[in-house]
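Hey, can you work out the whole structure from these sequences and the hints?
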Amino acid sequence: EFLKASLENYVKKLEVPVKILRMEQRSGLIRARLRGAAASKGQVITFLDAHCECTLGWLEPLLARIKEDSCFPWHSCVVKCAVNSRVSFKKVFFFFFLSFLPPLFFFFFFPVFLCFLFFPVCFPPRTPTMAGGLFSIDRNYFEEIGTYDAGMDIWGGENLEMSFRIWQCGGSLEIVTCSHVGHVFRKATPYTFPGGTGHVINKNNRRLAEVWMDEFKDFFYIISPGVVKVDYGDVSVRKALRESLGCKPFSWYLENVYPDSQIPRRYYSLGEIRNVETNQCLDNMGRKENEKVGFFNCHGMGGNQVFSYTADKEIRTDDLCLDVSRLNGPVLMLKCHHLRGNQLWEYDAEKLTLRHLNSNQCLAEPSEEDRLVPTVRECGSGRSQQWLLRNMTLAA
1 EFLKASLENY
11 VKKLEVPVKI
21 LRMEQRSGLI
31 RARLRGAAAS
41 KGQVITFLDA
51 HCECTLGWLE
61 PLLARIKEDS
71 CFPWHSCVVK
81 CAVNSRVSFK
91 KVFFFFFLSF
101 LPPLFFFFFF
111 PVFLCFLFFP
121 VCFPPRTPTM
131 AGGLFSIDRN
141 YFEEIGTYDA
151 GMDIWGGENL
161 EMSFRIWQCG
171 GSLEIVTCSH
181 VGHVFRKATP
191 YTFPGGTGHV
201 INKNNRRLAE
211 VWMDEFKDFF
221 YIISPGVVKV
231 DYGDVSVRKA
241 LRESLGCKPF
251 SWYLENVYPD
261 SQIPRRYYSL
271 GEIRNVETNQ
281 CLDNMGRKEN
291 EKVGFFNCHG
301 MGGNQVFSYT
311 ADKEIRTDDL
321 CLDVSRLNGP
331 VLMLKCHHLR
341 GNQLWEYDAE
351 KLTLRHLNSN
361 QCLAEPSEED
371 RLVPTVRECG
381 SGRSQQWLLR
391 NMTLAA
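Per UniProt numbering, the sequence shown runs over residues 1 to 396.
Hint data in this document are derived by calculation from the structure and do not stem from the laboratory.
Some clues are possibly wrong.
Listed next, the in silico EDC-like pairs over lysine to aspartate or glutamate satisfying Cα-Cα at most 20 Å (straight line) [what the hints assert, rightly or not]:
#1 K335 to D260
#2 K217 to E277
#3 K288 to D319
#4 K248 to D231
#5 K292 to D318
#6 K229 to E210
#7 K217 to D234
#8 K41 to E1
#9 K292 to E369
#10 K239 to D260
#11 K67 to E143
#12 K41 to E60
#13 K288 to D260
Only a predicted model underlies this, so the values are computations on that prediction, with no experimental measurement involved.
Written as structure tokens, this is what we have:
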């Protein structure tokens with residue numbers, strides 16, 4: 001009820017003129033933003049989610065940066081609020097927020113006081129992606145690079161699509177450290193998605209992957225196989241936009257914009273690693289650095305069972321590598337250091353074995369003592385030491 005007459009009466013009392021546009025039917029965030037952008041008259045367009053709270057002086061730094069170089073959109077320094085059922089201001093934390101979509105992408109949280117320690121006000125740090133809920137952009141540039149993908153539904157993935165497009169087509173994204181906006185993250189969405197949340201987000205993500213990620217879209221599909229099952233519609237117009245703008249390949253983005261990405265550039269295998277004897281798979285079990293790699297029933301859903309056997313002969317899950325530091329020792333997941341040593345594995349495509357070169361032992365099924373973690377043992381010819389690597393190829 002508040003969004004009807006109450007809202008109309010409220011905005012009449014504001015010191016600045018506010019115009020309320022209403023969609024004829026439920027259309028979702030993306031199409032609503034397109035409608036608002038088309039109706040606006042200013043040279044700069046600012047997008048804010050409804051669940052934002054702005055601090056004093058938040059807009060001027062964004063406008064100043066756009067005036068300096070209107071070719072680039074400028075992303076606000078976001079304030080992420082820790083919210084539960086009872087909001088306590090004592091539990092509010094300030095963060096930089098750089099978003100990358102899980103599970104292929106992920107979130108970085110950076111305390112705001114470090115913002116000024118590492119990044120002087122005169123040097124706004126660049127970001128590979130933006131959260132999408134709060135940013136300003138020059139109107140002409142927004143239209144030139146293709147606004148939003150109108151084929152996407154409701155919300156989800158539109159921030160990544162725009163981030164990739166901006167970078168690959170000659171633009172840039174920055175965090176303006178003097179601009180602070182509170183952005184409340186809810187535990188659950190208070191409304192439904194047509195066809196379900198997963199269907200809508202998968203469709204949107206499939207569209208951005210097909211248009212912008214080139215051959216790296218296969219990495220995404222292996223990690224999130226559900227994305228491949230949805231009808232994503234016609235993307236020919238968006239591909240034509242990319243062609244007309246002369247945009248760079250996604251490999252350029254990974255190498256120049258986001259070199260710390262967890263996406264391996266060169267690998268022999270990507271997907272599950274299945275034990276021949278037990279027909280079970282390596283699984284990171286959602287564990288963290290310095291914990292043992294797991295072993296679980298193969299589920300074919302990607303996620304925690306996606307491992308890459310890289311051209312550097314590492315076995316990677318996200319940014320962690322399988323590491324063995326002693327004979328018969330546990331197989332741990334440690335940060336990939338690219339120094340070979342304890343993280344160097346040799347796969348024999350004929351014997352189907354994974355030999356740890358430092359210890360000269362082979363990866364094997366779990367022992368009787370713990371059936372949930374694989375082991376390393378003296379190499380033999382048994383099926384317990386044989387592994388099938390998905391999409392195995394000798395070329396990387």
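Cross-check of the supplied hints:
For the proposed pair K335 and D260, the alpha carbon gap of about 12 Å is at most 20 Å, so the pair holds. Between the alpha carbons of K217 and E277 the distance comes to roughly 32 Å, so the proposed pair goes past 20 Å and is violated. At roughly 10 Å between alpha-carbon atoms, K288 and D319 fall within 20 Å of each other, so this suggested pair holds. This hinted pair does not check out: K248 and D231 have alpha carbons roughly 26 Å apart, beyond 20 Å.
With a CA separation close to 15 Å, the supplied pair K292 and D318 stays within the 20 Å bound. Taking the CA atoms of K229 and E210, the gap is near 13 Å; set against the 20 Å cutoff, the hint holds. Proximity of K217 to D234 is assessed by CA-CA distance (about 17 Å); at most 20 Å being required, the pair is judged to hold. For the suggested pair K41 and E1, the alpha carbons sit about 29 Å apart, so the restraint of at most 20 Å is broken.
Under the criterion of a C-alpha separation no larger than 20 Å, the hint pairing K292 with E369 is consistent with the structure, at around 14 Å. Distance hint between K239 and D260 is unfulfilled; the C-alpha atoms sit about 27 Å from each other, more than 20 Å. Restraint check for K67 and E143: the C-alpha separation of about 17 Å stays at or below 20 Å, so the hint holds. Taking the CA atoms of K41 and E60, the gap is near 18 Å; set against the 20 Å cutoff, the hint holds.
Our distance criterion of 20 Å between C-alpha atoms is met by K288 and D260, whose separation comes to about 18 Å.
In this structure, the hints that do not hold are numbers 2, 4, 8, 10, in rising order.
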